[in-house]
Each structure stands twice: as structure tokens, then as C-alpha cells.
Amino acid sequence: MRFVRFVAFSMVRAWQGFWRNAMMSLAATATVVLMLVLLSGLFIVLGGLNSGLEFIESKVGVTARLREQLPDAEREALTAEVLTLEGVSGADYVSPEVAMDRLRQAYRDQGQVLDLGGAEITLYASLEISLSDPSFAEGVSSALTGRPEVERITTRQVDYNKLLGIIGVIRTAGIAALGLVGLTVLFMIVNMIRIAVYSRSTEIEIMRLVGASDSFIRWPFIFEGILCGLLGAVITILMVAVAWDPIQPIMVRVFQMPTAVSSQFLGVLSAIILGVGLGVGAIGSWISVRSNLSASG
Amino acid sequence: MTSMLARPIALRPATGEPVITMADVGMTYPNGKVALVDVTVTILAGDFVFLVGQSGAGKSTFIRLLIREQLATAGRVVVAGHDLARIRRSQVPGLRRRIGIVFQDFRLLPAKTVFENVAFALEVTGGTRQEIRRRVPQLLNLVGLHEHDDHLPTQLSGGELQRVAIARALVHDPAMLIADEPTGNLDPVTSWEIIQLLIQINAMGTTVLMATHNQEIVNAMRRRVVALEQGRLVRDEFGAAYEREY
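Just so you know, the protein sequences line up as chains A and B, in that order. Using the working numbering, you'd call the opening residue of the first sequence number 3 and step up by one each time. Using the working numbering, you'd call the opening residue of the second sequence number 1161 and step up by one each time.
Incorrect hints may have been included.
What the hints assert, rightly or not - Cβ pair distances, simulated, as ranges:
(1) B:T1314 with A:Q18: 42 to 52 Å
(2) A:V14 with B:H1311: 52 to 62 Å
(3) A:V14 with B:M1364: 52 to 62 Å
(4) B:G1399 with A:Q18: 20 to 30 Å
As the list claims (entries may be wrong) - Derived, one-sided and incomplete: chain B residues facing chain A with beta-carbon distance under 8 Å:
(5) S1220
(6) R1224
(7) A1234
(8) R1236
(9) V1238
(10) A1240
(11) D1243
(12) I1247
(13) P1253
(14) R1257
(15) Q1264
(16) L1269
(17) R1328
Hints are computed from structural coordinates only; laboratory data are not their basis. Since we're looking at a predicted model, the values are computed, not measured. Backbone N, C-alpha and C fix where the C-beta goes; we use that ideal spot for every residue, glycine too.
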């Protein structure tokens, strides 16, 4: 019961303190929002790019364009040989007719009709080789290079490597930016609490003289920092929830790949935002309270 | 003015248990300033003691040591059975609840009413609402401010402000009340009203230690006088005057 009274007391005092220095408190909250928006943006972009990476990963394979009029026996021998290569999980023959059907389908998917103007076009036959891991693409590709049955080899390894590079850069830049903004937020909260301690110095002195324990003196300030983080987190979660649907098609347009992340991710992201907001608020206020209230016993 | 006193002047020393024991206490600040030198004094439960001396004589340091705002650099200070150099930091709030303290400048919270200022001392030490509702009116009644409980400090006179401070100091029913120049900001008539109140509180069993420059009050009261001069205890007399009389 005493603990409940203590928590209730601290929370009420934190609320009063937050609004007593409203300008400073709201400025600190705004920096928390800025940090959390940046964090959310980073998570959403990285989440989207990882989805894209998974998509490309599933598509990374080697396509061997076959020589025209390749006899079935040679093709089957080549297929059997390819299946023995390391990292190859499958090899499908795509005939010129199937290739044409796919091309027509691709046009249909975009709402267009393939119009050849009456010309007779024959597409190449190919062997689509799927891999157990994209890293085997280079080995398989070089094993097939120079083979008389094969005219040309294509692979999406380049796309995969490029995307990996982009993700790495975004992650590094994002973490660095987050670190800087995080430090600014801590600085703002430390100062907010320092000003609060200063403006309530008479009150704190009276509390000490009448025998208030350290907990009763310190925790209202720590709750005030937590309140700042909580408010910042709630605002950010609302912003992310509102922006969630419009963001998805924008990302697809920007990155030119299926970057949609599941709506479950929004729940996880909200939990992360809340945790980081509360954590930063608590750490900032704790640092300030430790440095501004410990010395005067 | 002596006719305003509520009860007869007590000339004899109190006979209770020691509430304060200072043995060979010295205090030198980090900047080298020597505030107290070899001070040895014992104050018993029920005593009413005037602590006198010029500004800079060491009165404030004496009080700071008692409430453990500072630790003596030499000797031993025991308050209410606690050796202040040995108690843990977590025990300090408990010790301070056994000592009520009032100051010349009242130290009230201007945005809180009289009731809230007194209740604050209970609230910040974990007091329940029932406790606050029961205890605060009792104390406001004792100091004669029960009809002003909803007034803000800005609406009160100096004497009334000091009464609020005294009520707040008594909220934990302390063994001892320390008053640091409680009449320093008050006119003579109001000063005597505050002294009357302190005498009343002392008569109820609370030990009172009052630091003062007010010669008239000390001379009229004829209580125990502890005098400091340049950090040294130069006089400790019962039924004494402000100045040495021999």
C-alpha cells in the first residue's frame, strides 16, 4: 500500500512538474519524437529492403540460354550435369514456346497486349537453374561458360549484391544518425530535469528537512523523464500508424521491388518505439538526477 | 513583554535522557575555515536551550551538524541515540523526522495553502490521506491557524508564516524542535507570540533549541544559554542572560 502511495505521489508530481516547465518539456518531447520518427523510418526502410532482399534471394539463379536447335539428348545430358554442380537445387528447361507464353503473360499483367505486327519471332530455349544459396551463382556460371551447348549466361547476382550494399549503407548511416539524435535527446532530457530540479530547489530542500527519503525526492523527476519519453513514443506511434499505408506504395516505387512488410511488423515497431522512448526518458532523467541531486545529501 | 509569557520561567535544568550529545566536536570546512572547535555539550529531553553568539560564531554549523546536513570533522555527534557519523544515508530521513526545524525565512511553498504546506511534510514522507486529514488540523489548531488553512502564504503576516513553519516542523511529532532565528524577521510583539508558542510546545515535552540574536527574549526567559564565540563553546549556563553577567 505504501508502495502504491509512493508511485501515485511520484506520478502526480511528475505530471505537475512536466507542465510547470511546459516549454522545456515539450521541446524535449519534440526531440524524442524526432528520434523515434527517424528510428521508425530506418526500421521501415530496412524492413522493406529485407523483404525485397528475400524476394530477390528467391529469384537469384542462373539462366543458361541454349544453342538453337540443341538436340534433346544433349540438353538432357547438360541438365543432368548441371544438377551435379554444387549449390544447384533444380534445373528447368524453358522451351521457346513457354518463353513466348511468359512474355505474353508479362504484357497482360501490365494491361497490354503483345503485338508482334504479324512477325514470326522465336524466343531462345533456356535452362533455368535454381540455387540453394545466391552465393553459388558465380561457381555455376563459370562452370557453364564456354560450353558448346550454352550461348549466354545471365544471373541476378549483381542485383542481389547491389541491394545488400544499399542495405549496409542505409543501416550504417541510419545507426550513426540515430546515435547523434539519441545523444541530443539525452542532452535535452538531462537539461529538462536539471531545470526542473533547479526550479524546485526550495521544495527539495524542504523535503529533505522534513525527512523525505531519497526515493520520494528523486523518482518524481525520473517519472517526469519517463513521461517525456512516453508522450514522444505515443505521438510517434500515431504518426507511424497514419503514415503506414501511404508509405508502402512509395517504397515499392522508390526501390522498384516488392518491399511491403507485414502489418504485424507495425505491432513490433510500436513496441520498439515505446520501449526506446521510455528507455531514453528514464536514462536521461536518471543521469540528471544522479548528477544534480546526489551531492546535497 | 515578559508578562506575555504563557507559563512560569523554568530555571532548573531538564532531567530527561540526552537528546543531543556533542563530544569534542570540531568542524573545518574544505576551504580551511574553522567553524567549530572542541565543542562539548549535552541537551536533555525537555530542555529549552538558547544558542547564542555573534554572526559567524558557529551557530549555523552547530545546527547543520545536528540535522546531518554536514558531518563533523572531529569528535562525536549523537542525536536521539544515533551517532551521526555512523548512521547510513538511508537512515538520515528517519532521523530528520525526529527533529523539526524552522528558519528565519520560513521556507514555505508560496503556491500551496497553509493546509497544503503542513500536509506536504506528511505527503512526502508517505503519510496517508487519513493521517493528513487527522494530523494537519490538530497542528493548525495548536498554532492558532485553523481558520486560515485555505490561505496562501502571501495572505499571511510574518508571525502567521512562522506559525505555519512551526506546525510543519511538528508534523512528525519530533523529539526536538530546532528554531534557527525564528524571530529574526518579526516585530517584537509577534516575536513574543512565537516564543509563547515555543514554550507551549516545550511544555508538551518537545525539546527546543533556539538559535537567536534577540537579547531581550533571552534575558527575559532565563533559560539555558549555550554561547559560541569563534567556533568555541564559551558558556553553558542555566537560567542565564544573553551576555555573561559575572
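Now the hints, each set against the structure:
1. B:T1314 with A:Q18: 42 to 52 Å: Hint violated: Cβ distance 20 Å, outside 42 to 52 Å.
2. A:V14 with B:H1311: 52 to 62 Å: violated, 23 Å
3. A:V14 with B:M1364: 52 to 62 Å: violated, 34 Å
4. B:G1399 with A:Q18: 20 to 30 Å: violated, 50 Å
5. S1220: At about 14 Å, which exceeds the 8 Å cut-off, the nearest Cβ of chain A leaves the hint on B:S1220 violated.
6. R1224: B:R1224 check fails; min Cβ-Cβ to chain A is 11 Å, beyond 8 Å.
7. A1234: At 19 Å from the nearest chain A Cβ, B:A1234 fails the 8 Å test, so the hint is violated.
8. R1236: Constraint on B:R1236 not satisfied, violated at 19 Å.
9. V1238: This interface hint is violated because 18 Å lies over the 8 Å limit.
10. A1240: violated, 12 Å
11. D1243: Violated. Min distance 17 Å.
12. I1247: With a closest approach of 12 Å, the B:I1247 hint is violated.
13. P1253: holds, 4 Å
14. R1257: holds, 4 Å
15. Q1264: Hint violated; B:Q1264 Cβ to chain A Cβ min 14 Å, cut 8 Å.
16. L1269: Hint holds; B:L1269 Cβ to chain A Cβ min 6 Å, cut 8 Å.
17. R1328: Hint holds; B:R1328 Cβ to chain A Cβ min 7 Å, cut 8 Å.
Against the hints set out earlier in the document, violations occur for numbers 1, 2, 3, 4, 5, 6, 7, 8, 9, 10, 11, 12, 15.
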